[in-house]
Amino acid sequence: AQSVAQPEDQVNVAEGNPLTVKCTYSVSGNPYLFWYVQYPNRGLQFLLKYITGDNLVKGSYGFEAEFNKSQTSFHLKKPSALVSDSALYFCAVRVLHSGAGSYQLTFGKGTKLSVIP
Amino acid sequence: DGGITQSPKYLFRKEGQNVTLSCEQNLNHDAMYWYRQDPGQGLRLIYYSQIVNDFQKGDIAEGYSVSREKKESFPLTVTSAQKNPTAFYLCASSISPYDEAFFGQGTRLTVV
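Read top to bottom, the protein sequences are chains A and B.
Counting from 1, position 56 in the first sequence corresponds to residue 56 in my numbering; the numbering is continuous, with no gaps.
In my numbering, each residue's number is its place in the second sequence (first place is 1) plus 1000.
The set of hints was computed from the structure by calculation and includes no laboratory data.
In this text, a Cβ means the ideal position worked out from N, Cα and C, and glycines have one as well.
Errors might be hidden in some of the hints.
[Stated by the list, open to error] BS3-like, lysine-lysine: derived pairs with alpha carbons at most 27 Å apart: (1) B:K1083 x A:K49; (2) B:K1071 x B:K1057; (3) A:K22 x A:K77; (4) A:K69 x A:K109; (5) A:K49 x B:K1014; (6) A:K109 x A:K77; (7) B:K1070 x B:K1009; (8) A:K77 x A:K49; (9) A:K109 x B:K1057; (10) A:K58 x A:K109; (11) B:K1057 x B:K1014; (12) A:K69 x A:K49; (13) A:K112 x B:K1009; (14) A:K22 x A:K69; (15) B:K1070 x A:K109; (16) A:K112 x A:K69; (17) B:K1009 x B:K1057; (18) A:K109 x B:K1083.
[What the hints assert, rightly or not] Chain A is faced by these chain B residues, among others (derived, beta-carbon under 8 Å): (19) F1012; (20) D1030; (21) A1101.
[Said to hold, decoys possible] Distance windows between CB atoms, simulated: (22) B:S1022 x A:P40: 17 to 25 Å; (23) A:G53 x B:S1022: 33 to 41 Å; (24) A:S80 x B:N1028: 33 to 41 Å; (25) B:Q1041 x A:E66: 42 to 50 Å; (26) A:T20 x B:T1020: 21 to 29 Å; (27) A:A5 x B:G1016: 16 to 24 Å; (28) A:S70 x B:Q1017: 28 to 36 Å; (29) B:Q1017 x A:I116: 40 to 48 Å; (30) A:K112 x B:G1063: 24 to 32 Å; (31) B:K1070 x A:P40: 27 to 35 Å; (32) B:P1075 x A:E8: 34 to 42 Å.
Using the sequences and the hints given, assemble the complete structure.
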C-alpha cells in the first residue's frame, strides 16, 4: 500500500540547535514528496517539495529536506531552530488514488515540534 | 491578494442538521480538495475536484456532499448522515493534482 509515515509524534529541541523531523514513504513509481507546517487553528503552509533532481531541497524559513531513495526517507531539517518554529509538521506524498485512478496528496499524521528557549 | 477563503471560521450544528462550509479561491486553480483533520490522525481526504462539474470521493466521503458549479467555489455539506462531524475542516487547491496544494484557514465544526 502507498503511504507516508512520521515515526515521531513529538520532537523537542533547544533553541539554536539543529532540528530533524523524520518522514518515510512507500509508493510505487517515483515519489513526489512535500512538507507542510501548521500553526494552531490555522491551515497548512507549504514549505518545500521534491519532484526530481538534487536530493537536497531548500524551502521556506530556512528549512531543507533530504531525499534518500535507498532509505525511502524525506527528513525535514534546519541548522538552527527558533522558538517560532514550534508547530505541527506534516509530510505528504503524491499517491495514486484507487477510487478514480488519479493522483492525490496523502499526509502523515504529523509531528509536533517544540523548540525550547 | 490571491488565496483561499473558508467561511465561517467556527460553526456549530445541532444533531440532525445539515450544514454547508464555504470554500472560495481566486488562484485560478483547477483542482480543489476537502480534508478533515482530527487530533493525532493527520489529514484525511473527503472529496476532490479536478475540474468544474466533476468531483470524486476521497477516503472518508460518507455523510458528506459537494458541488463544483464554478471554478472558484467548492462548498462542502456535512449531512445528518455523518455520525461524528465534530472536526477541523480544511479546503485546498492546486494548479494540478501533481503540484503542491494551498490551504485555507479552516472551519472548526462542533456538534452541540
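Right, here's what the structure says about each hint:
1. B:K1083 x A:K49: The hint is violated at about 36 Å.
2. B:K1071 x B:K1057: holds (18 Å)
3. A:K22 x A:K77: holds (9 Å)
4. A:K69 x A:K109: holds (21 Å)
5. A:K49 x B:K1014: Violated. K49 of chain A to K1014 of chain B sits at ~41 Å, over the 27 Å cutoff.
6. A:K109 x A:K77: holds (18 Å)
7. B:K1070 x B:K1009: holds (22 Å)
8. A:K77 x A:K49: holds (13 Å)
9. A:K109 x B:K1057: Roughly 21 Å separates the two Cα atoms, so the pair holds.
10. A:K58 x A:K109: holds (23 Å)
11. B:K1057 x B:K1014: At roughly 25 Å apart (the allowed maximum being 27 Å), K1014 of chain B and K1057 of chain B satisfy the hint.
12. A:K69 x A:K49: holds (15 Å)
13. A:K112 x B:K1009: With a Cα-Cα distance of about 23 Å, the restraint between K112 of chain A and K1009 of chain B holds, given a limit of 27 Å.
14. A:K22 x A:K69: holds (14 Å)
15. B:K1070 x A:K109: Between K1070 of chain B and K109 of chain A the Cα gap is close to 32 Å, so the pair fails against 27 Å, i.e. violated.
16. A:K112 x A:K69: At roughly 25 Å apart (the allowed maximum being 27 Å), K69 of chain A and K112 of chain A satisfy the hint.
17. B:K1009 x B:K1057: holds (24 Å)
18. A:K109 x B:K1083: holds (22 Å)
19. F1012: violated (16 Å)
20. D1030: Status violated, d = 12 Å.
21. A1101: This interface hint holds because 6 Å falls under the 8 Å limit.
22. B:S1022 x A:P40: 17 to 25 Å: Cβ of S1022 of chain B to Cβ of P40 of chain A: about 22 Å, so the range 17 to 25 Å holds.
23. A:G53 x B:S1022: 33 to 41 Å: holds (38 Å)
24. A:S80 x B:N1028: 33 to 41 Å: At 37 Å between Cβs, range holds.
25. B:Q1041 x A:E66: 42 to 50 Å: For Q1041 of chain B and E66 of chain A the Cβ distance comes to about 27 Å; the hint is violated.
26. A:T20 x B:T1020: 21 to 29 Å: violated (42 Å)
27. A:A5 x B:G1016: 16 to 24 Å: violated (38 Å)
28. A:S70 x B:Q1017: 28 to 36 Å: For S70 of chain A and Q1017 of chain B the Cβ distance comes to about 52 Å; the hint is violated.
29. B:Q1017 x A:I116: 40 to 48 Å: holds (44 Å)
30. A:K112 x B:G1063: 24 to 32 Å: Given range 24 to 32 Å: holds, Cβ gap about 29 Å.
31. B:K1070 x A:P40: 27 to 35 Å: Holds, since K1070 of chain B and P40 of chain A (Cβ atoms, about 32 Å apart) stay within the stated range.
32. B:P1075 x A:E8: 34 to 42 Å: At roughly 36 Å between Cβ atoms, E8 of chain A and P1075 of chain B fall inside 34 to 42 Å, so the hint holds.
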